[in-house]
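Q: Protein sequence lines, in the order shown, are assigned to chains H and L.
Heads up: the first sequence at position 52 corresponds to 52 in this note's numbering, and the numbers run straight through without jumps.
Heads up: the second sequence at position 75 corresponds to 75 in this note's numbering, and the numbers run straight through without jumps.
Careful: at least some of the hints might be erroneous.
Beyond 12 Å from chain H on every Cβ pair, some chain L residues (computed) [to be verified]:
(1) 46
(2) 51
(3) 53
(4) 55
(5) 59
(6) 66
(7) 67
(8) 69
(9) 81
(10) 90
(11) 117
(12) 122
(13) 125
Some chain H residues judged to face chain L by a derived CB distance under 8 Å, without partners named [said to hold, decoys possible]:
(14) 430
(15) 434
(16) 436
(17) 446
(18) 447
(19) 449
(20) 478
Residues on chain H that point at chain L, a partial pick, calculated with CB under 8 Å [to be verified]:
(21) 438
(22) 439
(23) 454
Calculated from the structure, these hints are not laboratory results.
All of these numbers come straight from a predicted model, not from anything done at the bench.
Cβ coordinates follow ideal geometry from the N, Cα and C atoms, glycine included.
Spelled out from the first residue to the last, the chains are:
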Amino acid sequence: MHPHSATIDNGPQILACLVLGFGVCWALIGIILRRAEQKQGFERAKDYHHGHKAPIPRLGGVAMASAFVTVALAIALCTTVSGSAQDELGVIVFSSLAMFFLGLWDDLRSLSAKFKLAIQIAIASAVYFSNIRIELFRDPLSGTDLQLGAFGYLATVLWLVSLTNLINLIDGIDGLAGGIGLMLMLLMANLGATDHLDFCTLLAIGVAGALLGFLKFNYPPARIYMGDGGAYFLGFLIGILSIVNSNKGTVAAALIAPAFALALPIVDVSLAILRRGARGLPVFRPDQKHIHHHLITLGISRERTLLNLYTVSLLCLFLALCVFCLQGRMLPLFTGLLFLVLLVAGHLSGFTRNWYEVGSQLGQSLRLRKETRYALTLDRWFMLEAERRSRLEDLLEDYQFVVRKLGFARLHLTLPNGVAHTWQNEGFDPHTTPHRQAAHEISDGTVVELTAATQKMPDPLFTLLGDLAAEMWYKAAQRHRLVSAKNQPLAATDGPADKGAASPPTTPTITEPSPPDSLVSRTIYH
Amino acid sequence: MTIMKNEGNGGAGDEGKEPLPAARPAQILVVDDDSEVVNSIVRALEHLGHVAASCGHAQDAMDVVARQKIDLLLVDYRMPDMTGLDLVTLLRAEGCQLPIIMMTGHFATEERVPAEQLAIHSILHKPISLPMLARVLEELGLAVREV
Numbered sequence: 001m002h003p004h005s006a007t008i009d010n011g012p013q014i015l016a017c018l019v020l021g022f023g024v025c026w027a028l029i030g031i032i033l034r035r036a037e038q039k040q041g042f043e044r045a046k047d048y049h050h051g052h053k054a055p056i057p058r059l060g061g062v063a064m065a066s067a068f069v070t071v072a073l074a075i076a077l078c079t080t081v082s083g084s085a086q087d088e089l090g091v092i093v094f095s096s097l098a099m100f101f102l103g104l105w106d107d108l109r110s111l112s113a114k115f116k117l118a119i120q121i122a123i124a125s126a127v128y129f130s131n132i133r134i135e136l137f138r139d140p141l142s143g144t145d146l147q148l149g150a151f152g153y154l155a156t157v158l159w160l161v162s163l164t165n166l167i168n169l170i171d172g173i174d175g176l177a178g179g180i181g182l183m184l185m186l187l188m189a190n191l192g193a194t195d196h197l198d199f200c201t202l203l204a205i206g207v208a209g210a211l212l213g214f215l216k217f218n219y220p221p222a223r224i225y226m227g228d229g230g231a232y233f234l235g236f237l238i239g240i241l242s243i244v245n246s247n248k249g250t251v252a253a254a255l256i257a258p259a260f261a262l263a264l265p266i267v268d269v270s271l272a273i274l275r276r277g278a279r280g281l282p283v284f285r286p287d288q289k290h291i292h293h294h295l296i297t298l299g300i301s302r303e304r305t306l307l308n309l310y311t312v313s314l315l316c317l318f319l320a321l322c323v324f325c326l327q328g329r330m331l332p333l334f335t336g337l338l339f340l341v342l343l344v345a346g347h348l349s350g351f352t353r354n355w356y357e358v359g360s361q362l363g364q365s366l367r368l369r370k371e372t373r374y375a376l377t378l379d380r381w382f383m384l385e386a387e388r389r390s391r392l393e394d395l396l397e398d399y400q401f402v403v404r405k406l407g408f409a410r411l412h413l414t415l416p417n418g419v420a421h422t423w424q425n426e427g428f429d430p431h432t433t434p435h436r437q438a439a440h441e442i443s444d445g446t447v448v449e450l451t452a453a454t455q456k457m458p459d460p461l462f463t464l465l466g467d468l469a470a471e472m473w474y475k476a477a478q479r480h481r482l483v484s485a486k487n488q489p490l491a492a493t494d495g496p497a498d499k500g501a502a503s504p505p506t507t508p509t510i511t512e513p514s515p516p517d518s519l520v521s522r523t524i525y526h
Numbered sequence: 001m002t003i004m005k006n007e008g009n010g011g012a013g014d015e016g017k018e019p020l021p022a023a024r025p026a027q028i029l030v031v032d033d034d035s036e037v038v039n040s041i042v043r044a045l046e047h048l049g050h051v052a053a054s055c056g057h058a059q060d061a062m063d064v065v066a067r068q069k070i071d072l073l074l075v076d077y078r079m080p081d082m083t084g085l086d087l088v089t090l091l092r093a094e095g096c097q098l099p100i101i102m103m104t105g106h107f108a109t110e111e112r113v114p115a116e117q118l119a120i121h122s123i124l125h126k127p128i129s130l131p132m133l134a135r136v137l138e139e140l141g142l143a144v145r146e147v
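In isolation and in its complexed conformation, chain H is listed as follows (with noise of 0.2 Å):
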């Protein structure tokens, strides 16, 4: 027998599991939804980029790793499960919910992004000393096996912690992330079954079930999200599986199978760090440009936007299943044929014009670092000053500064309130002088509103620095609202002082503390 396998008979086991895995995580999202109904507060606000309207919960994560929990103890009880296979088992699922919990704590409290990532490496580094690594590397086009080694390390950490982010990249549009993982899910269970029916094969149908039951509620229009913690959860099973099921023989083949599967939020995800990069940008830092954003500015509705990206995505998992089936083979003749078939699905949704931009587009990326680097210092300084600015008011003129210093000469910023702050520029005479205008829409509800003269500044820098300025204030806004209710217990014993950018920091002390929705009053800053 199979050192990984479960004694089982396959058909019941396998809808045992998928039904087990919808049900707990349908359960349980029935019963988060009731809850968020009652408690609004218990939901991060969501991230600026994430392109969602409604404050949605972002819990869909916590169903899913319970569903995913649930049906690995049932494979532990239920089946005979060989010692070396149940440590594996156990690593699995221990490792999937560590990555789950530093998402789901990412979506309660923002965490830095060089924290989550040392995590995620720890993470990914106890996985591999815990023997599930990658040793071997076939070469495609000779055969022939190479002992990695150390760098197997190397290749174990990379590849684990490039998929957990990976598909929290693409979780931008209402069904996305969780189709693709559920595609993934169900080639995990294919490459586990053509060896042998194992746990990872159950484990990969029940995660598969959960998400059929998250996506009752997360298909457009959406009622809850997977969060951080879902996504993370389901990208690191991805990788984790993908290895276990590279262990037992098939080595290239299960490797490359989920990477010719995704292949769309490859390419995706790689063109967003081409651009950004090129553009001075922090490479990780989000924006509103993949895939399905173009779509939707297109004028394509969600949903059509997402049955779209569903057919490319089922076109690669075809091709990824021939890929493992060959085992290897013909895998230039497959890499072309993906080619191909993103070529085409690029070239009917206009997208392949951006494609091609990126070439012509650096030169212009190139010009526009220095001002990227301006903003990026801006940037910094303004979040200090969120930190230590006690009003709402003194933010809000910072702010006004920093719009200023940018160029643009006008700013409406409208609060989730729905209190409205103008400022404008003394010289600037939107009735004589041509300009141009962006509104930004945060998840919140804030919208930032941008002006500037087309003069001044032309189109690339203009949507450049108005995203910056707007992922600038809602990023200040949050850090002033984390600052404001630690420091508020302070606030009553230290009585008034002084407003809170002169005080040394290790002294708190806080004028009014009130909360930022309700201060303002319409202001016109001039």
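Model the placement of chain L on the given structure of chain H, informed by the hints.
A: Only chain L this time, still in chain H's reference frame:
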């Protein structure tokens, strides 16, 4: 083709200086090939108290401007037969002095728009919100209902 001159409706260089008559609803033409965008903008304009018509092609827009009394043009940058910029250049060459607002998508990597030469009042980046539309109409001296 003769383009009707909308005298008194604000000119190429002086929009805003002589505001459009505020009492009556303005006739606004929206030129965009994207029906979803057009529908939402037309609805928004009607909500603001104006009369809006639309066409999906630049050529149709030229015909409408020639035949009907239009107070304001909203033109999309990217269209199938010609760019919005080409349309505005043609209209201005024909002597049309209507106030023009250009709309552009997030992905339109437009060339530098000679907004001054073509007397384009403003460029609105999509997605276009109701308050943004209201503000730009106010700048042009058009009355708007409370948003």
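Q: Taking the hints in turn, state whether each one holds.
A: Do the hints match the structure? See the list:
1. 46: 19 Å, holds
2. 51: 23 Å, holds
3. 53: Nearest chain H Cβ is 19 Å from residue 53/L, so the label holds.
4. 55: Holds, since 16 Å exceeds 12 Å.
5. 59: 21 Å, holds
6. 66: It holds; residue 66/L is separated from chain H by about 25 Å at its closest Cβ, greater than 12 Å.
7. 67: With a cut-off of 12 Å, residue 67/L remains clear of chain H, as the shortest Cβ separation is near 27 Å.
8. 69: 23 Å, holds
9. 81: 16 Å, holds
10. 90: 19 Å, holds
11. 117: Incorrect as stated: the minimum Cβ-Cβ distance to chain H is 10 Å, not above 12 Å.
12. 122: 5 Å, violated
13. 125: The claim breaks: residue 125/L does not keep its Cβ more than 12 Å from every Cβ of chain H (closest is about 4 Å).
14. 430: 5 Å, holds
15. 434: 3 Å, holds
16. 436: 4 Å, holds
17. 446: Result: violated, 12 Å to nearest chain L Cβ.
18. 447: 7 Å, holds
19. 449: 6 Å, holds
20. 478: 22 Å, violated
21. 438: Given a least distance of 4 Å, the restraint on residue 438/H holds.
22. 439: Holds: closest Cβ of chain L sits about 4 Å from residue 439/H, inside 8 Å.
23. 454: 4 Å, holds
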